[in-house]
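Model the full assembly from the supplied sequences, consistent with the hints where possible.
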Amino acid sequence: ICGKPAHSGESALAMAWQHHNANRLITCGSRHVRVWHVDISQPKLHPMDASLGNLKRVMRCLDIGTNDDFAYIGTTTGEVLKFSIAR
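Residues 1 to 87 in the numbering used here are what the sequence shown spells out, letter by letter.
Because the hints were derived from the structure by calculation, they are not lab data. Among these hints, one or two may not hold up.
[To be verified] Dumping the calculated DMTMM-like pairs for lysine to aspartate or glutamate here, alpha-carbon to alpha-carbon at most 20 Å:
hint : residue 1 : residue 2
1    : Lys82     : Asp63
2    : Lys56     : Glu79
3    : Lys56     : Glu10
4    : Lys82     : Asp68
5    : Lys82     : Asp69
6    : Lys82     : Asp49
Take a look at the structure:
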């Protein structure tokens with residue numbers, strides 16, 4: 001449906017739909033965070049990878065802020081990461 005692999009060999013461990021935009025969802029897993037746009041006119045999924053820099057964490061859970069501006073992601077090391085997803 002998206003024309004490319006969901007991620008290079010890694011499964012998503014958590015996902016959440018945005019609250020105010022029914023066409024966007026976020027997934028996370030081992031060393032990746034992706035924002036997906038669902039194009040219902042084609043139908044296709046368009047992924048956009050979050051920039052993690054040198055961060056190498058297994059991300060197990062996520063929640064979307066009430067205004068859809070940020071994703072809060074929990075890691076197996078006990079950290080909570082905050083990512084901007086507003087664009």
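Here's how the hints hold up against the structure:
1. Lys82 / Asp63: holds, 10 Å
2. Lys56 / Glu79: Holds. Lys56 to Glu79 sits at ~12 Å (cutoff 20 Å).
3. Lys56 / Glu10: Judged against 20 Å, a Cα distance of about 13 Å means the pair holds.
4. Lys82 / Asp68: holds, 12 Å
5. Lys82 / Asp69: Distance ~10 Å between Lys82 and Asp69 Cα, so the pair holds.
6. Lys82 / Asp49: With Cα atoms ~15 Å apart, Lys82 and Asp49 stay inside 20 Å; holds.
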